[in-house]
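The chain contents come next:
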Amino acid sequence: MVPDGKSQQGFYIVSDIRIRLLTLVLLSVLSFVSTSGAAVVFFWWLVFAAKTTFAKKSWKVVLLTSVLVGLFPSVVLYFTGGDVFYGAKIFVLVLLAFWFSASLVFGEVMSLFVWMFGKKTGFDLGLAAEFSIQALSEIQSDFSHMKSALKIKGQRFSVFRVPSLAMGLLFLSLGRSDFQSGILARRGYISGGTFIPVFFPGKSDFLMLVTAGILYAVLLV
Amino acid sequence: MRIILDSVTLCAGGFSLSANAVFEEGVHLISGRTGSGKSTLASALAGLTSVSTGNLILEGCRSPVLLMQFPEYQVTGSSVTREISSWGIVGNKEFLSLFGVNVNDRDPFSLSRGELKRLMLACVFARDPDLLILDEPYASLDSSAKDVLTTLIENRRGITIVFSHEVEHVPRGSRWKIAAGVLHCE
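Listed in order, the protein sequences are those of chains V and L.
Letter by letter, the first sequence follows residues 106 to 326 in my numbering.
Letter by letter, the second sequence follows residues 94 to 279 in my numbering.
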């Protein structure tokens, strides 16, 4: 099996997950160790990553999640006498995580794991990761359909609807997992497999890595 | 009452669908290959998604109802009884017996796909909307339920739009087809 660099929408993507991962690691370290680093990384995210993030993820979800996840530790640390800017670092880390997940292309994680860990362990890890990413994307789609269903019935989404909607999401996910495991079993999958990792590095990958590297060198080295 | 699609374009997931059509009162059967945009069009007609370009006008349609392809999406009640109530059906139990629905306190997710589909069909027909959009309504139904469904579709008032691959049990009405990204009247 060879990935062809196509996104799920059928467009060719010129990007290398290895370079993006290295960029992510550099920026995460930079934003975590100092508040000024977090501020610089936030600007980096605005320039290089915001467009990709908002193309795939709802801006409401991205901002609400990032702010809430960042706000909680800051509030706790404010009352316990710790670093109140810790939340700002977490906020930037969550934004980076959204960017990285938004930039993923079908088959890329499989390529990465096989390249890193080989055809046995790498294949198994890659397969599990690809299935997980696919499942998350399908849950998002299921949830969107369920919200439409509520609209059809003239109802609004509320906490009282959560148990039945969660049950629906679980039921649909289990059904798909059952189907996928059946296919793997029929194809004789036990462990490992043949997969040729292919990467399509693009100019923007190098640009992002170089800028991240310069920021890292200036602020930390 | 009618639906006007004036130079409408729908774009989603790498495909694009163009439509210039008018759906008058009666039954309209729309077919097309998997992935041709049937569910997207169904969703747009129900007012759930907006069109990319053009105008989609629902003239005189006050209560559009869409039956989704997968009945699990539409479950919001924790039991069959509560699920029926969630559709706002009061007293109209005729359709439930026509589709052989057992009204009880079972969890809707413990029903088979076919049982769940019949429950949802009974609920949408009991609502008696002026615009009923059915996305793959024949899927998961047995032969007798398909016959019941065809009869109900043909005897309905208002506009009924059926998106289906079904070739055997087909209601009488105008035929439409989605081919090469365009909606055609056959």
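No lab work stands behind these hints: they were computed from the structure.
In this text the structure is predicted, and so the values were computed from the model without any measurement.
From the three backbone atoms N, C-alpha and C, an ideal C-beta is built for every residue, glycine too.
Possibly wrong hints are sitting among the right ones.
To be verified - Heads up, incomplete: computed chain L residues facing chain V, CB under 7 Å, no partners named:
hint, residue
1, SER172
2, SER179
3, VAL183
4, ASN195
5, ASP198
6, PHE202
Claimed, not checked - Short derived list, chain L residues pointing at chain V, Cβ under 10 Å:
hint, residue
7, GLY125
8, SER136
9, LEU141
10, GLN167
11, VAL168
12, ARG175
13, GLU176
14, ASP200
15, ALA219
16, ASP221
What the hints assert, rightly or not - Here are the simulated SDA-like pairs of lysine to any residue, each with C-alpha atoms no more than 25 Å apart in a straight line:
hint, chain 1, residue 1, chain 2, residue 2
17, V, LYS162, L, PHE202
18, V, LYS256, L, GLY170
19, V, LYS252, L, THR243
20, V, LYS258, L, PHE188
21, V, LYS252, V, LEU275
22, V, LYS258, L, PHE108
23, V, LYS161, L, THR133
24, V, LYS258, L, ARG175
25, V, LYS258, L, PRO157
26, V, LYS156, L, SER233
27, V, LYS162, L, VAL158
28, V, LYS252, L, ARG155
29, V, LYS252, L, PHE202
30, V, LYS256, L, PRO222
31, V, LYS225, L, ARG250
32, V, LYS156, L, ARG199
33, V, LYS252, L, THR142
34, V, LYS165, L, PRO222
35, V, LYS258, L, SER233
36, V, LYS165, L, PRO157
37, V, LYS156, L, ARG155
38, V, LYS258, L, SER178
39, V, LYS258, L, THR133
40, V, LYS252, L, SER205
Here is how each hint holds up against the structure:
no.	hint	result
1	SER172	violated, 10 Å
2	SER179	holds, 6 Å
3	VAL183	violated, 14 Å
4	ASN195	violated, 19 Å
5	ASP198	violated, 14 Å
6	PHE202	holds, 5 Å
7	GLY125	violated, 18 Å
8	SER136	holds, 7 Å
9	LEU141	holds, 5 Å
10	GLN167	holds, 4 Å
11	VAL168	holds, 5 Å
12	ARG175	holds, 8 Å
13	GLU176	holds, 9 Å
14	ASP200	holds, 8 Å
15	ALA219	violated, 12 Å
16	ASP221	violated, 14 Å
17	LYS162(V) with PHE202(L)	violated, 30 Å
18	LYS256(V) with GLY170(L)	holds, 14 Å
19	LYS252(V) with THR243(L)	violated, 29 Å
20	LYS258(V) with PHE188(L)	holds, 18 Å
21	LYS252(V) with LEU275(V)	holds, 16 Å
22	LYS258(V) with PHE108(L)	violated, 29 Å
23	LYS161(V) with THR133(L)	holds, 19 Å
24	LYS258(V) with ARG175(L)	holds, 13 Å
25	LYS258(V) with PRO157(L)	holds, 10 Å
26	LYS156(V) with SER233(L)	violated, 42 Å
27	LYS162(V) with VAL158(L)	violated, 28 Å
28	LYS252(V) with ARG155(L)	holds, 20 Å
29	LYS252(V) with PHE202(L)	holds, 18 Å
30	LYS256(V) with PRO222(L)	holds, 14 Å
31	LYS225(V) with ARG250(L)	violated, 61 Å
32	LYS156(V) with ARG199(L)	violated, 47 Å
33	LYS252(V) with THR142(L)	holds, 12 Å
34	LYS165(V) with PRO222(L)	violated, 34 Å
35	LYS258(V) with SER233(L)	holds, 23 Å
36	LYS165(V) with PRO157(L)	violated, 28 Å
37	LYS156(V) with ARG155(L)	violated, 39 Å
38	LYS258(V) with SER178(L)	holds, 10 Å
39	LYS258(V) with THR133(L)	holds, 19 Å
40	LYS252(V) with SER205(L)	holds, 23 Å
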